[in-house]
Amino acid sequence: MGKKRKVILPPDLPPEVADNDIEVSDEDLEFIGQNREYAGFLTKLDTKSIDRHVKRVAGHESDDLEALYEQRKRKASLLKQNDDDDKLQVDPVDALPVKTLDGKLEYRTVDRTKSEAITNEKDNTEENEKDMSVVKLTKKEKRLKIKKSRKEAKKEAKVEEKGNVGVEKLHTEVLAKVEEDLSAEELFRKKKIKLAEIGLQLLENPEENIKSLKELLKNCDDGNQNIVKLGLMSLLAVFKDIIPGYRIRLPTEKEMEMTVSKAVLKQRFYESTLLNSYKAYLAKLIAMEKKPSLRQVAVRCLASLLDAVPHFNYRENILAIVIKNISSPDDTIRKLCCNATKSIFLNEGKHGGEATFEAVRLIAQQVKIYECQLHPDSIEVLSSLTFDEDIGKPDTQAEAVKIKKKGKWKTPDGSNKLQGSEKKKTRQESLAKTREEVTADFKSVSFAPDSRERKRMQSETLSAVFEIYFRILKHSTDSHASRSTTDAASFSHGSSSLPLLAPCLKGLGKFSHLIDLDFMGDLMRCLKQLAGYSDHGTIQNPLSVSERLQCCIVAFRVMRNNLEALNIDLQDFFVQLYNLLLEYRPDRDQGEVLAEALKIMLCEGKQHDMQRAAAFIKRLATFSLSYGSAEAMAALVTLKHLLQKNSKCRNLLENDAGGGSLSGLVSKYQPDATDPNLSGALGSVLWELSLLTKHYNSSISSMAASIMSMGSVNPAQSQVFLSTASPLQAFRDSSILCELSKPTSKSATSRQKQRELQKDYVLMDPEVMQNGNLVDEDEVRRKLEDRFAVHKVITENERLRKELNHTLSSISLYEEYNRQKKQKRKRTTKRVLGD
Amino acid sequence: MAKKMGRRARKFAKKNLQSVMKRKRKLNALFQKKFAPRQEKSDSPEESKNLKNDMQTPVDPEQEILDGIVSTNPFGDLFIKEDDDSGADVSDSDGYLSEDPECPYISEDEEESCPEEMCKDVVLLEQNTEINQRLKNQKRKLSKLCKKDPQFSKFLESRRSEFLKSKSEEIYSDDEGDTSSMDDEYIVGNEISQVSKVITSSTVDVWCWLVMEQPNWPGLANLLNAFRAACHYGLDTGEVSPVKIANREVFCKILTFVLSEAKGIFCGLLRISGFSNKETILKMKNKPEWKTTRSLIKSFLRSSLFLLNQETDNQILVFVLSQIRLSILLFSAFPSLTKKLIKISIHLWVTGDKDLSASSFLILRDIASEFSLDNIDTCLTKGFGAFIANSKFMKPQNIEHIEFLENSVVELYSLDIQKSYQKVLMSVQQLASILRLALKTKEKDELKKIHSWQYINCISLWVKFVSCNYKNHDLQQLLFLIIGVIKGIAHLFPGPRYLPLRFKCVKMLNQLSFSSGVFIPVESLLFDCLEIRGTNNAEGTKLKHLDLALLLKVPNQLLKSQDFQQASVLSAIKLLAEHLSQWCYHVSFPDLATIPLILLKRFHENTSIESVRRPVKRFIDQVQQNSDFIQRKRDQVSFSPKDKESVDSFLQLEKCDRSAAFTKFYDNMLQNALA
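If you're matching them up, the sequences are chains A and P in order.
Note that the UniProt record's numbering has the first sequence beginning at 1, numbered continuously upward.
Note that the UniProt record's numbering has the second sequence beginning at 1, numbered continuously upward.
Excised from the complex, chain P in its bound form:
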């Protein structure tokens, strides 16, 4: 049914309303995006397979969207899917609730005072008046004709009925399943349309007041019907609702009131204090009140989901989401709705702006933490899938968003390590096997797979996961595997062209080393960039700002430019400082710093890039200073390297104070980078 409506609306819009069409297109695109990742969902083995597929065939996103448009009607698909998977919920339809006939209706003559003023779409309004004008003219003409020839009106009448017949047949042939209901509805609609009640603002006020006053007030159904009508407003013009919303205030009032008060209302109905956890919902299911309220709750949830699907404004979405979140546990009683909610939230989380993304993430997190295991699974796999699908490109605009997505996935996966560990391990093994193949064959396609943002973002996601959870869980196997993969990546792409990628690897290794406390040598990975020698021509391509974070491979024309050399040397120093700062209180710091110092000093002597001289010199001094400091300290001790405990306790006090000069230097460096 909804499918029907949607199609009709679109047809109309396509014909007549360019601006609306544009909006719809946007909406469509959103849906396509949502549907693209959905294909790589479900159980874990499949997921890994899909991940692999995803890796192997970097699908052109546009193509994907196009395909989506061609193959699926997004709305229809969505709704059909729902009906399919809701085994238990099939019985109750997504219709209106049976109403309380004694509900008060206060009729007022306030129907749409002057909507024109409020509406900003001037074009549409103009069009409307114009059409109106023409309509009047034509009507006048018609009536004239009818007057002139009374037989014509008879002819017209017969023609019309014929036309209707053929039209219904057309529909019949169009989609067979729906016809009977369509026909019925057509007739019913015609009948009811006269009966449908107009809800005025005073009616709403009274209703709201009544609902708040008496928890068991039977008119709640009417209010929820009104809510449903409001949610569906404007999108299903063909459907005839038993209620008619008088004006925008009513519309607004119904939506906000129901959304914000739903939790309280339903709590009152079920006679519970609130939805604190799963158990209350389970208990609640056994209560006698549940039977009566079930359909009400369901209607409310359905309508809200519909609103989420239809709405495109971020702020409204955020509002709806935050209100739904208050009563999110209600969803746990309706698995199919939960699935829908997950689907929508993931979509909004991936595509929305900052606030929207955050609030959808909160929904997801709540579902993952509070709901049954199945839902956690779906949340994890779908969340990961959506992240992977969306991390194909890195641009300055979306770098923050991707980081947020990454963090959210880590959060989701950190909720239940027992469960997610297997998934993560499988994913990392997948990455490792891709890498192994590439190392063996060295084929271009294989290398391309690794040398992609998708791969790198995936690795960096798991690095984050490991470093967040290493302290509390035994993730050693995973840690070693990831280190192996990262080292393999660095090994696979030597040469200055791939320095940005290498910096990323080193950064991840530092991160892992820092969180796990194991020693990972990274220095040799950075020495390369001390030996790049450019052509030294200053007039070469001058870039305002060369951001290595956004690159995996340096474009050829930049390779010899001074900007690139400067940027790479500075990044290398930063990473080196990161590495050294981790061990700056360790007894072997002077030895660790020996080779970097020798090489840096030589670089400092030989380099032709004046701009890096100073930072390099400063760095050398700081390292040297710390080295001397440790040297002095360790000359005073009497234990040997094999005395593990003494080694571990060496300079622990200073470490806790973070008193060494090098620490301060490093902190400074970080702050400068931020500023």
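With the rest of the complex left out, here is chain A:
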């Protein structure tokens, strides 16, 4: 293979040189010639491996020259830029064998470049690799090679010198600059190569080369930021690879005193070095995190360390930094941190759940410190937490409560709350007790200590999560209260002043089944306050309609999951929903939230009070008269559900005189009442439906028609067509995009009513049209005459000009004529004279 390269290389060079710079090409050729000489000399010395070296030298040199040309071309460009260029250029160079101290290193560089996906070099590198492995085997050869490479280094220096001399001759004035650039470039490249070398060494044999970590670390103090970045990244790669799957515990002094075997010593040394360097590395990262220019790299390293080795030592420090940056204004940093945190939450197997708890605790601290003014993403991450289903079950719950708040669970025990299910509860408790015993036994026998521990972890995490949520809620209600009293004028959407509320509500909705009963009361009060509807309109409430609807939804979710346990009056939430229907604005608020609220609050759950159901039916019907198809559809689906469930409300469909008898307190319908129970809707008639049947959207009109027909069908039968669609589904189905996508291919069905042309005007007034056509003929005449006159003058003008030009040119010709005449005369006189 060496030969092959040798054959390939020389022809490669000349054309390139010719292309770039003719001046240097002589020298270049000269160099090549010299190289050939060298090559020949070397091959004599050693046949097998030297071939490669020769090639290497040649390749290297050519690259040098290339770089030189490149440099010369960009004399004016900045040094830094040169570096960058060089970086680009050097990469492919690395693919080729480079001048090194011994063969190993060379192979590594190649390997590294290979990973940078330079595919055309692959073959060569593979061959190289093979060769290397052969070479590595014998120490003798190694030594030989070192010698040779030294020689080569000398030789190269010479060559370089010569090259420079050549340059000097031709471009003395730029020499200094070029040299400077060259050295900087060289330095950078050398450093880079060194980094790669050490890194590969470490990866190959961490036990032997563990000390090199320090060397690598030293590199990170370099003045060049690029080098620092590279150093950090290569260290990251190394650590990710060599960090063991366990936590290192440094031996105590006692242990140190004990005599141990060599192997153990070695291991100890290895571990302590690793740990110390890791510590130093982390310290460096943490320090760099404070520098704006390096922050991104540092955070990237920390985040990927957290992702890769969350079990290892100093996790706490990493976590602290990552969580600190979780609501960074920088998008990439924030995303990195969020993703790292999420991966902590999702891959609990890596660290046994401790990190999860720590992370949540840290987030909680952040929330506390910044008084809820964080980026929503930082709370959003919590929703990727997972909890075991049985964490909420009595045994663990009891345990959790025991740990967190001792006694609280015991004192307000079942007596006042759980009358209905007391029996069940006690049975469960006894069951739990037996299970506890069993697990205790099992635990003592088995090796795994975890399931209990894990539950403890989880419940602690959970309580921390809820702590965050409640803090946010509390903050929201507080600021809400203060806002409503201070400045009502500056109306702003809640999302900006309370950035965390939306993700918080979402999270609460997700974990509603895990909420501790103790918190329930407070939570409900908070939600009620947040969703609160005041009679003075929307201005006082900084929360957006979507957020308030979300509050209602969360409240209902919580309630539904703990229905047996609690009996809180949800009437307030219904009142709010009833009024929020009026506040809803199609393109400002999220329609899906509304649809979900309708679904959870009205379609699901228990039977409604008849007054309330009637009020909602009426309001929904009115609502669908004013709002777009999607909202109307969701409302109508809900309305149908309500009518199906409350058969008595079907009276609303009929215009009986007796309808009023059902209405309780209020006999007449009050459309602008704020309380559904006081609206007197039972006395109304759903006239809306008759207008809705004229709705342009066919699905709405048919829905309205089907609702109208419900009244006539007897209640028992009507259960048959219990529609399965939920309001949410209906909302999505009739969104504008869906509506637009409906096929309209049936275009040919145009009614063949009038085959003939329609001669009448459809829009314009024919008389006006005809009158507009009258023209004053005299005026036209006058204008025509004008036109004639103008054209006449123009024609005249043109003619005159032509003639004038003609005469002028004739006159000018006269001079020429004279000249000719003179010449003739001269000629004739000459001739005469000549004669």
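Mixed in with the good hints there might be a few duds.
Only part of the chain P face toward chain A is listed, based on derived beta-carbon distances under 10 Å [said to hold, decoys possible]:
#: 1; residue: Phe163
#: 2; residue: Lys165
#: 3; residue: Lys253
#: 4; residue: Phe319
#: 5; residue: Glu411
#: 6; residue: Ala432
#: 7; residue: Phe480
#: 8; residue: Phe589
#: 9; residue: Ser640
The set of hints was computed from the structure by calculation and includes no laboratory data.
Keep in mind that this is a model prediction, so the values were computed, not measured.
C-beta atoms are modelled at their ideal positions from N, C-alpha and C, and glycine is treated no differently.
Put chain P on the given structure of chain A with help from the hints.
The following block gives chain P in isolation, referenced to the frame of chain A:
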């Protein structure tokens, strides 16, 4: 040939006549405009594609014009095109008719008594006299030289002939196709120019009289030649006509007489009573007289078209158009001329002033309604294309014009619904697909496409079309599609900035709802503007008049101004009134008005803008009143909502009388808006 003439004339003008140049430039611009839309013509699939292109690349109109100037010689292009597409008409050239040699010519010495007085272009006249003076001087000099040296005149003669030769060669290399004819003509022209007859006013009088007296008088050809010369007068100075027009009276007389009497003359020749419909023309084609008159008619039509092309004065154009229109059916015998006529009419319709636009529209409408299907197609597609190309900008000056154009397109499309339905449906689907893309991607470019006058005007055009024809035709599919598109637009641009656009959408929805009788809820689209809250600073930008009709997006500096808030609230109330007035006799009116009433009352309580309080209050009262009225009425009935017939007949009597207070209120409102 005409190309040649035109170029020469322009060259001259450029060199010498600034004012004429200006005029020409205007003309050119007109032609460019005409040619711009022509590129988006022809068959329907292509049309839709072009429409799309048009939508996608909002071409800078100026750029377009520039391109036009660079790439095409408008005159030349026009004429070349004609020759290309007139397969059947190639045989007869656009030359003069062979004349009747015995035609009387009365020579009088009345040649141009004093044109100078009549001509208003003083500069030109002065220039003329000056040049004349110089010419005389130079001539004198030349003759002196010649006298001094007789050999020089010989030299001059030889030089001149050389020059002529080289010049003709130059022409030869210039444009090869024309040369032979050019050379011929040059010679012929030289010869004929002496022979060309001068037409004096008495000659014209005699001719006219003769033509009127004897329908078959052979001198008609002479008259038509004179007409042709008049039409071409001044623009093709290089061409030599067999007739020469003596003075402006003759010019005027020939044009007016031929244009206004053409119908009668040709009717007489063909022995028909008039061109009542297509059939007569078809019949006429088989008559023996047709052969003889064909060329005469063609010459007349050609000349008139030429005049239309050349003329820039609106009134003359209107006159010519109205006269052509009388005998428009003659065009149906000459498809290529018809195409030309369509082209010219569309151009004039789009660019002309009110009267001109109207009369060109009448021509178009006649063509579309009377002529063969091909022509309808061209009229529809070209008309639509021209409308789209011209609706890119809305300014106070052109709002009326665009409305007129819109109405005319609707008229044209309403002529044959069967035919136009497909086109309209395709166009609306095009719009819908653009919208769908925008809804999906929400990209800025896509949004821009929709948020343009072109798009909005196009939609509003089809809305008008649907609402005009919904009663007599089954346009349901189209209706639903358009409603979907409009709702999509409103959905795509939320927020107060786009309120004007939203108002437009609501207006269109109301229009559709009104004409089709379907219920389209629009109230929720208007509630937004009750919640705009400005900074309340009175010293902010004060505008005299904020016309939301001319805006699609409110400029940022106005967003917080009170003017804008006031204007938007008032517009919202107006649109709401429009919506409610449609259903003010419906049994469910009280329910329909419930939510708006609640919100308006709240707005009335909270608003800080004093100026809108009163109208809002008045509106609330009126709605409340009507609501109570319906409530009372429906309390008395016994039928249920599902009883469709009874519901439909509810208060029909009052509806026909328009007796309810709310109707009156609404009518009042409309009148106030107009006043």
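Under 10 Å, Cβ to Cβ, is where Phe319(P) needs to be relative to chain A, so tell me if that hint holds or is violated. With a closest approach of 4 Å, the Phe319(P) hint holds.
Would the stated hint for Phe480(P) survive a check requiring a Cβ distance to chain A of less than 10 Å? Holds: closest Cβ of chain A sits about 6 Å from Phe480(P), inside 10 Å.
If you take the shortest Cβ to Cβ gap from Phe589(P) to chain A, is it below 10 Å? holds (9 Å)
Status of the hint placing Lys253(P) at chain A (closest C-beta pair under 10 Å): holds (9 Å)
Does Lys165(P) pass the interface hint, meaning its C-beta sits closer than 10 Å to a C-beta of chain A? violated (16 Å)
The hint names Ser640(P) as touching chain A; please verify it with the least Cβ-Cβ distance against 10 Å. Because about 5 Å separates Ser640(P) from the closest Cβ in chain A, which is inside the 10 Å limit, the hint holds.
Tell me if Glu411(P) is really an interface residue toward chain A, meaning its C-beta lies closer than 10 Å to one of theirs. With a closest approach of 6 Å, the Glu411(P) hint holds.
Interface hint check: Phe163(P), Cβ to nearest Cβ on chain A, cutoff 10 Å. Holds or violated? holds (8 Å)
Is the shortest C-beta separation between Ala432(P) and chain A less than 10 Å? This interface hint holds because 6 Å falls under the 10 Å limit.
When the structure is compared with the earlier hints, a violation turns up for hint 2 alone.
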